[in-house]
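Q: Below are the chains, spelled out letter by letter.
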Amino acid sequence: MLIDYSVVLVYLIVGVLFVAAGIVTAALIRPSRPNPRKNSTYESGEEPIGSPWIQFNNRFYIIALAFIIFDVELVMLFPWATAFKEIGWFAFWGMIVFAFILALGLAYDWAKGLLDWEKPNPQIPSLDELVITREQYLDELKKKEQTGN
Amino acid sequence: MEQNFLYNWFGDGVITYALLVTIPLVFLLIYALVAILGELKIASWVQDRLGPMRTGWKGVLQPLAEVIKLLQKEDIVPDAANKPLFNLAPYVMFTGAFGAFAAMPFAFNFVPAHLNVGLFYIFAIGAFSVIGIVMGGWASNNKYSLLGAMRGVSQMVSYEIPIALAILAIAALAGSLDLQEIINQQGGGFWNWNIFGGYGSFWKILVIPFTLSLFVIHFVGGLAETNRIPFDIPEGESEIVAGYHTEYSGMKFAMFFFAEYANMFTVSAIIAICFLGGWQSPFGDFLNQPAMQAFWFISKACFLVFVQIWLRWTLPRLRVDQLMYVSWKVMTPLAFVCFVAIAVWSMLR
Numbered sequence: 001m002l003i004d005y006s007v008v009l010v011y012l013i014v015g016v017l018f019v020a021a022g023i024v025t026a027a028l029i030r031p032s033r034p035n036p037r038k039n040s041t042y043e044s045g046e047e048p049i050g051s052p053w054i055q056f057n058n059r060f061y062i063i064a065l066a067f068i069i070f071d072v073e074l075v076m077l078f079p080w081a082t083a084f085k086e087i088g089w090f091a092f093w094g095m096i097v098f099a100f101i102l103a104l105g106l107a108y109d110w111a112k113g114l115l116d117w118e119k120p121n122p123q124i125p126s127l128d129e130l131v132i133t134r135e136q137y138l139d140e141l142k143k144k145e146q147t148g149n
Numbered sequence: 150m151e152q153n154f155l156y157n158w159f160g161d162g163v164i165t166y167a168l169l170v171t172i173p174l175v176f177l178l179i180y181a182l183v184a185i186l187g188e189l190k191i192a193s194w195v196q197d198r199l200g201p202m203r204t205g206w207k208g209v210l211q212p213l214a215e216v217i218k219l220l221q222k223e224d225i226v227p228d229a230a231n232k233p234l235f236n237l238a239p240y241v242m243f244t245g246a247f248g249a250f251a252a253m254p255f256a257f258n259f260v261p262a263h264l265n266v267g268l269f270y271i272f273a274i275g276a277f278s279v280i281g282i283v284m285g286g287w288a289s290n291n292k293y294s295l296l297g298a299m300r301g302v303s304q305m306v307s308y309e310i311p312i313a314l315a316i317l318a319i320a321a322l323a324g325s326l327d328l329q330e331i332i333n334q335q336g337g338g339f340w341n342w343n344i345f346g347g348y349g350s351f352w353k354i355l356v357i358p359f360t361l362s363l364f365v366i367h368f369v370g371g372l373a374e375t376n377r378i379p380f381d382i383p384e385g386e387s388e389i390v391a392g393y394h395t396e397y398s399g400m401k402f403a404m405f406f407f408a409e410y411a412n413m414f415t416v417s418a419i420i421a422i423c424f425l426g427g428w429q430s431p432f433g434d435f436l437n438q439p440a441m442q443a444f445w446f447i448s449k450a451c452f453l454v455f456v457q458i459w460l461r462w463t464l465p466r467l468r469v470d471q472l473m474y475v476s477w478k479v480m481t482p483l484a485f486v487c488f489v490a491i492a493v494w495s496m497l498r
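Chains as they are written, first to last, in the working numbering: chain A, 1 to 149; chain B, 150 to 498.
Because the hints were derived from the structure by calculation, they are not lab data.
Incorrect hints may appear among the rest.
[Said to hold, decoys possible] Each computed DMTMM-like pair below joins lysine to aspartate or glutamate, with the alpha-carbon atoms no more than 20 Å apart:
1) B:LYS478 <-> A:ASP116
2) B:LYS232 <-> A:GLU43
3) A:LYS112 <-> B:ASP470
4) B:LYS218 <-> B:ASP470
5) B:LYS478 <-> A:GLU43
6) A:LYS38 <-> B:GLU409
7) B:LYS190 <-> B:ASP224
8) B:LYS478 <-> A:GLU73
9) A:LYS85 <-> B:GLU330
Chain A with its partners taken away, still in its complex shape:
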């Protein structure tokens, strides 16, 4: 078994070496003529304004938190999956209780609306608000004349 993990180690080393070999080979062939224009940050041809390292929508944070909780609990279930048939129904009901708590957490997130991605809700003006009739216009003119003068 240990020899198999040494193969995994060899794989990781070869993976790094492969990328290094690719980049070094390319470095020998390719041109390298940097200039400030070329090395500026790409922003569709505009000068970049401000730093991109800004505050982020905290929905991403909540998703990440939910993921960590789920993933840790799932990692706990993997050893169970290999052994529960030998242990029998006791292990099965233990898992059901565990998974129920996990499901409860999901239900809580759901009910709290933490899984909803906020959608923009633009106020689109209707035609009636934009267009006024001739009578309304004349009324407004009259009001303006009375108050303005």
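Using the hints, position chain B against chain A.
A: Chain B in isolation, oriented as in the chain A frame:
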């Protein structure tokens, strides 16, 4: 446990180790070239055009031309970027993608590293790509890159939950995390594959709806893990240029690209192992020699890669809120139900 045939031929020495790594690496290189050509050709046939035709016979040398082009391209590192992380990201991406091949069972006597937690290992090392994406996206110091990286991470972690539940259900069904053991249990014909409920009596038809839906969940989640359309919002061209690899060029971009294709194969291979019997022949013992097993394994995985490419040119891109809805409110509860049902079934079987 079957011994790897290389140990029988060459003993436990350097040659064995070298071949254990080289054979999958060469396979991966050939596969990537074929997949790139396949992507171009399938895209053009879907859209009713010819695709590349100039390089070689009907354009078959196009991927090689692309490799030469990428080798010759200038490697631009933006002045504003965080250079150590920017340069490290392609290493992380490719090493993670290639590391998964260490536990890939190509045949009953050829698996580079026979791990007793193989399923878990491939799943764990697949998470390397999340780190690579956030590393590259953040270090680029570019708005498009950072947006792509944030989207990519939230998407990949969201879809990891249903996939984890799906492979957990398969582990419960097989009672093992050893890939060879999981495949061995699916022997004896395609009706014993896990997609059809695994081996068992007539009453396994009750469990088929659950295994089928887990197969679909795993495949859809796999699409999201590899950032393929319809889940390509991390690199949506029409919104954020190229997402997390906007600033990459030359060989570093090639490594991101290569890692994406390797990940496509890995995801397809896990689905093939978990649900489609891995290297098992569909006809029981007929055509089940080691060489044929490698053929079956590779063709099952490549068929799923083909479906991924096919979907890419058929479906439009999802929105972020739809993506989160599908993952957390549809696939996760469904996967939960299927998991419990399969756990009950494996207790009774």
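Q: Work down the list of hints and note, for each, if the structure agrees.
A: Consistency of the hints with the structure:
Our distance criterion of 20 Å between C-alpha atoms is met by LYS478 (chain B) and ASP116 (chain A), whose separation comes to about 9 Å. Between the alpha carbons of LYS232 (chain B) and GLU43 (chain A) the distance comes to roughly 19 Å, so the proposed pair stays at or under 20 Å and holds. The hinted pair formed by LYS112 (chain A) and ASP470 (chain B) meets the criterion: a straight-line CA distance of about 16 Å does not exceed 20 Å. A distance of roughly 38 Å separates the Cα atoms of LYS218 (chain B) and ASP470 (chain B); the hinted pair therefore is violated under the 20 Å criterion.
With a C-alpha separation of about 36 Å, the suggested pairing of LYS478 (chain B) with GLU43 (chain A) is violated against the 20 Å cut-off. Pair hint LYS38 (chain A) plus GLU409 (chain B) does not hold up; C-alpha atoms about 27 Å apart against a cutoff of 20 Å. Of the pairs offered as hints, the one joining LYS190 (chain B) and ASP224 (chain B) is violated, with about 28 Å between alpha carbons and a cut-off of 20 Å exceeded. Proposed proximity of LYS478 (chain B) and GLU73 (chain A) is supported: the alpha carbons are some 18 Å apart, at most 20 Å.
At roughly 15 Å between alpha-carbon atoms, LYS85 (chain A) and GLU330 (chain B) fall within 20 Å of each other, so this suggested pair holds.
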